[in-house]
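Enquirer: Sequence:
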Amino acid sequence: MGRHIKRGEGWRIGWDDGAEIYRGLIGGDRWSIELTDAEFKDFCRLIQELDAAVHQISSELMDSEKISCETESEYIWLEADGYPGAYELHVMIQTGRRTEGEWLPSAVPNLIAACRSVQYGSSSHFEGHVENHSRTD
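Numbered continuously in the numbering used here, the sequence shown closes out at residue 184.
By construction, these hints were calculated from the structure, which means they are not laboratory data.
Just to be clear, a hint being listed does not mean it is correct.
What follows is a list of derived Cβ distance ranges for each label pair [to be verified]:
hint, residue 1, residue 2, range
1, S153, A100, 19 to 25 angstroms
2, G49, C116, 16 to 22 angstroms
3, E135, E67, 17 to 23 angstroms
4, G55, A99, 18 to 24 angstroms
5, G65, S115, 19 to 25 angstroms
6, G65, G129, 21 to 27 angstroms
7, M109, E56, 17 to 23 angstroms
Simulated crosslink set (SDA-like; lysine to any residue; CA at most 25 angstroms straight-line) [what the hints assert, rightly or not]:
hint, residue 1, residue 2
8, K113, E149
9, K88, E107
10, K113, H102
11, K88, L108
12, K88, R50
13, K88, E112
14, K113, E96
15, K88, M139
16, K88, S111
17, K113, V138
18, K113, G148
19, K113, Y69
20, K113, G143
21, K88, A154
22, K88, C116
23, K88, D64
24, K113, R50
25, K88, G57
26, K113, A160
27, K88, E56
28, K88, R163
29, K113, L151
30, K88, S106
31, K88, V138
32, K88, N157
33, K113, E147
34, K88, K113
35, K113, Q103
36, K88, G49
37, K88, G55
38, K113, G49
Ideal placement from N, C-alpha and C gives every residue a C-beta, glycine not left out.
Construct the complete structure from the given sequences, taking the supplied hints into account.
Expert: So, in structure tokens, the structure goes:
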């Protein structure tokens, strides 16, 4: 069992096969939130849906117009705010922990790409380069 983490400037996302409840992780440089399986899967699905909506709406905007768009599930609420090619992303966990965080526009494209690389099965993992951290209990 191990932890798999992808990270870049201003973002990180990870999965811990050995965790009992909070197997997923999302975060920035100075914060993180652990997520349940359902929360993590919803986050990865919703971030991609939100990005697609932003790009679809962008064709109707003038270059100087900003956008604010949100989506949610019973577990996760996401908001994009800014320009279609450079928006901040705000997340709130809507379950008992009621936590939140945000990413700067420079971090969002790579975070979305990392979410797209998540593969689900009996355990989640990432395609491509990841940091593998052995875990001993």
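Enquirer: Now tell me, hint by hint, if it's right for this structure.
Expert: Hints versus structure:
For S153 and A100, the hinted distance range of 19 to 25 angstroms is satisfied, since their beta carbons lie about 21 angstroms from each other. For G49 and C116, the hinted distance range of 16 to 22 angstroms is not satisfied, since their beta carbons lie about 36 angstroms from each other. Restraint check, E135 to E67: a C-beta distance of roughly 33 angstroms breaks the suggested window 17 to 23 angstroms. For the hinted restraint 18 to 24 angstroms between G55 and A99, the CB-CB distance of approximately 21 angstroms keeps it satisfied.
For the pair G65 and S115, the beta carbons lie near 39 angstroms from each other, so the given range of 19 to 25 angstroms is not met. Range check, G65 to G129: Cβ separation about 37 angstroms, and the 21 to 27 angstroms hint is violated. Taken as a hint, the range 17 to 23 angstroms is violated for the pair M109 and E56, whose Cβ atoms sit roughly 30 angstroms apart. At roughly 18 angstroms between alpha-carbon atoms, K113 and E149 fall within 25 angstroms of each other, so this suggested pair holds.
Restraint check for K88 and E107: not satisfied, since their Cα atoms lie roughly 30 angstroms apart, outside the 25 angstroms limit. Taken as a hint, the K113 and H102 pair is honoured in the structure, with Cα atoms around 12 angstroms apart against an allowance of 25 angstroms. For the hint linking K88 to L108, the alpha-carbon distance of about 31 angstroms lies beyond 25 angstroms, and the restraint is violated. With a C-alpha separation of about 17 angstroms, the suggested pair K88 and R50 falls inside the 25 angstroms cut-off, and the hint holds.
As the CA atoms of K88 and E112 are separated by approximately 31 angstroms, the hinted pair breaks the 25 angstroms bound. Restraint check for K113 and E96: the C-alpha separation of about 18 angstroms stays at or below 25 angstroms, so the hint holds. Of the supplied pair hints, the one linking K88 and M139 holds, its CA atoms being roughly 14 angstroms apart against a limit of 25 angstroms. The straight-line distance between the Cα atoms of K88 and S111 is roughly 34 angstroms, outside the 25 angstroms bound, and the hint therefore fails.
The suggested pairing of K113 with V138 holds, with an alpha-carbon distance near 19 angstroms, which does not exceed 25 angstroms. Between K113 and G148 the CA atoms are separated by roughly 21 angstroms; this keeps the pair inside 25 angstroms, and the hint holds. Distance check on the hinted pair: K113 and Y69 sit about 35 angstroms apart at the alpha-carbon level, beyond 25 angstroms; violated. Of the pairs offered as hints, the one joining K113 and G143 is violated, with about 32 angstroms between alpha carbons and a cut-off of 25 angstroms exceeded.
Pair hint K88 plus A154 holds up; C-alpha atoms about 20 angstroms apart against a cutoff of 25 angstroms. Between K88 and C116, the direct Cα distance comes to roughly 20 angstroms. Compliance with the 25 angstroms bound is thereby established for this hinted pair. Between the alpha carbons of K88 and D64 the distance comes to roughly 14 angstroms, so the proposed pair stays at or under 25 angstroms and holds. Distance restraint check for K113 and R50: the Cα-Cα separation of roughly 38 angstroms exceeds the 25 angstroms cut-off, and the hinted pair is therefore not satisfied.
This hinted pair checks out: K88 and G57 have alpha carbons roughly 21 angstroms apart, not beyond 25 angstroms. Pair hint K113 plus A160 holds up; C-alpha atoms about 22 angstroms apart against a cutoff of 25 angstroms. Pair hint K88 plus E56 holds up; C-alpha atoms about 23 angstroms apart against a cutoff of 25 angstroms. Restraint check: the Cα-Cα separation between K88 and R163 comes to about 11 angstroms, which is no more than 25 angstroms; the hinted pair holds.
Restraint check for K113 and L151: satisfied, since their Cα atoms lie roughly 15 angstroms apart, inside the 25 angstroms limit. Restraint check for K88 and S106: the C-alpha separation of about 29 angstroms exceeds 25 angstroms, so the hint is violated. Distance hint between K88 and V138 is fulfilled; the C-alpha atoms sit about 14 angstroms from each other, no more than 25 angstroms. A C-alpha spacing of about 17 angstroms is found between K88 and N157, which places the hinted pair at or below 25 angstroms, so the restraint holds.
Only pairs whose Cα atoms come within 25 angstroms are accepted, and K113 paired with E147 is accepted, the gap being roughly 23 angstroms. A threshold of 25 angstroms between alpha carbons decides the hint, and for K88 with K113 the separation of about 28 angstroms lies outside it, so the pair is violated. Pair hint K113 plus Q103 holds up; C-alpha atoms about 14 angstroms apart against a cutoff of 25 angstroms. Note on K88 and G49: the hinted pairing holds, with a Cα-Cα distance of about 19 angstroms set against a maximum of 25 angstroms.
A distance of roughly 20 angstroms separates the Cα atoms of K88 and G55; the hinted pair therefore holds under the 25 angstroms criterion. Simply put, K113 and G49 have alpha-carbon atoms about 41 angstroms apart, too far for the 25 angstroms limit, and the pair is violated.
Hint check: violations occur at hints 2, 3, 5, 6, 7, 9, 11, 13, 16, 19, 20, 24, 30, 34 and 38; the rest are consistent with the structure.
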